[in-house]
Every structure is written in structure tokens, then in C-alpha cells.
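*Asks:* Kindly produce the complete structure, drawing on both the sequences and the hints.
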Amino acid sequence: LLDIGLRSLEKPTLFIELLIPTLFSMSIVVQLHFFHTPLVKNINQILNNRKFLKTNKLTAPIASCSTEASTCARTSTELDKFDEIADNVDKAPKFKKWYDDFTSILWLFAELHMPKIVCFTAMIVAIQQVSAINAVFIIMIGLSMPSKTLQYIISFIMIVWSSLVVLVYMVYQLEFVKENTLERNCTNSSLPVLLQVHHFSSNAWWLGLHKSTSVSLDVR
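Residues in the sequence shown are numbered from 1 upward in steps of one, following our numbering.
Derived by calculation from the structure, the hints in this document are not laboratory data.
Cβ atoms here follow ideal geometry from the backbone N, Cα and C, with glycine treated the same way.
Incorrect hints may appear among the rest.
To be verified - Straight-line C-alpha distance at most 25 angstroms; calculated SDA-like pairs for lysine to any residue:
id, residue 1, residue 2
1, 116, 130
2, 96, 48
3, 211, 164
4, 178, 208
5, 211, 149
6, 116, 160
To be verified - Simulated restraints, written as ranges between beta carbons of each label pair:
id, residue 1, residue 2, range
7, 109, 35, 29 to 39 angstroms
8, 213, 135, 17 to 27 angstroms
9, 11, 213, 45 to 55 angstroms
10, 98, 16, 45 to 55 angstroms
11, 99, 45, 15 to 25 angstroms
*Replies:* Dropping the structure here:
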């Protein structure tokens, strides 16, 4: 039962175990309902007002001040506020253009070199942890060298293979999987009795699977 997440707890420990995820879920619901939705509405309203002001600046005629003095003063104040808002709106596209250019360059760099980064990372992992599972990475890296198209395809294959390796490694850590299941007796019975050595070899180590006390470190 421990392997599937079921365990017996004392009442105080059970209360703490249930309290933390409950508070976390409640905070998410409160944030989404009372803060996120009104914030999005306010942002949309501000954007709509900016578009409306920018449109009025280009199309609306200049108001005439031939009416009463109070009306002229009010119109002048509104125009001053409008000019101030319009100046701020004019500055926004410059920053947006710089941001778009910068992100476009980053994405272009990532598209050109991401397959190489993936292959380099897989090579480092395979060298640090020599096993049959990681040898698949070396084979795929060799196959990806001739063509750029193959690099993209094999990068996706590496992602799938890495996910399967992590899944198998996590399953192997469960208690019901015994470490001696894949052990084999490699004693050479053809040798003289005095020279015989009882040697047991684990195929799990050859594959790259072993029990670990620090699973997160091994997965990284």
C-alpha cells in the first residue's frame, strides 16, 4: 500500500497532511475568483480605452471654445489629459517593438541550436552514467549527425525515450520490486574447485537500474 501512496498516520499528522493541500487549493480558488478575473477585466478596459482615445485623436475635430468660459476651461482640461495619455500610448509601441525584436532573435537562436543543445546534454548524461539504457542516446546522436531534419526527429525521440527511462526508474524504486530479481549466478563451474569464485551479477545494474535513496538526484 505504501507504493501506491497509502499509509497509516496518527490524527495530528493526518490533520497536517490534509491541511496543507487544502489551504493551497483554497488559495488558488480565491486568487482566481477574487483577484485574477477582476484584474483581467480592468486590463481589458484600459486597453479598450486606449484604443478609443487613440481613435478619437485621429478622427475627432478640435472642439470649439466659442461657448461659455466654464465650458472652454473644462474642454481644455480634458484635452490636456488626453494629450498626456496619448503620449504614454505612443511610447508603448516602441518598447513593444524592441521586446518583439529581442524575443524573435532569442527564438531564432533556439531554433538553430536547440537540437545541438539536446544532443550535447544527452552525451554528457550518457558519459556520466554508463549503461545500456544510456547507450541508446549515443546511437541516436550518431544517427542525427548527417541531417538537420534527422536532428529534430531524433530530438523528439530522445524526449520520449527519456520519459520512459524516468518512468521505469521510478517504478524500479517501489518496494514490491526486489533488487535480486535480475541477479544471475556467473560462477564458472569449469574451473577447478579451489579456483571457483561464487560471483553474482545483476542485470539491472547493466541496464542502468538500481535502488537509490536520492531519486531526485539520480533523475536529474
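*Asks:* Work down the list of hints and note, for each, if the structure agrees.
*Replies:* Status of each hint after checking the structure:
Distance restraint check for residue 116 and residue 130: the Cα-Cα separation of roughly 21 angstroms lies within the 25 angstroms cut-off, and the hinted pair is therefore satisfied. At roughly 17 angstroms between alpha-carbon atoms, residue 96 and residue 48 fall within 25 angstroms of each other, so this suggested pair holds. As the CA atoms of residue 211 and residue 164 are separated by approximately 17 angstroms, the hinted pair is consistent with the 25 angstroms bound. Taken as a hint, the residue 178 and residue 208 pair is honoured in the structure, with Cα atoms around 15 angstroms apart against an allowance of 25 angstroms.
At roughly 38 angstroms between alpha-carbon atoms, residue 211 and residue 149 are farther apart than 25 angstroms, so this suggested pair is violated. Between residue 116 and residue 160, the direct Cα distance comes to roughly 17 angstroms. Compliance with the 25 angstroms bound is thereby established for this hinted pair. Between residue 109 and residue 35 the C-beta distance comes to about 36 angstroms, which sits within the given range of 29 to 39 angstroms. For the pair residue 213 and residue 135, the supplied restraint of 17 to 27 angstroms holds, since their beta-carbon distance comes to about 26 angstroms.
Evaluation of the 45 to 55 angstroms hint for residue 11 and residue 213 yields a failure: the beta carbon distance comes to about 29 angstroms. Evaluation of the 45 to 55 angstroms hint for residue 98 and residue 16 yields a pass: the beta carbon distance comes to about 49 angstroms. Between residue 99 and residue 45 the C-beta distance comes to about 23 angstroms, which sits within the given range of 15 to 25 angstroms.
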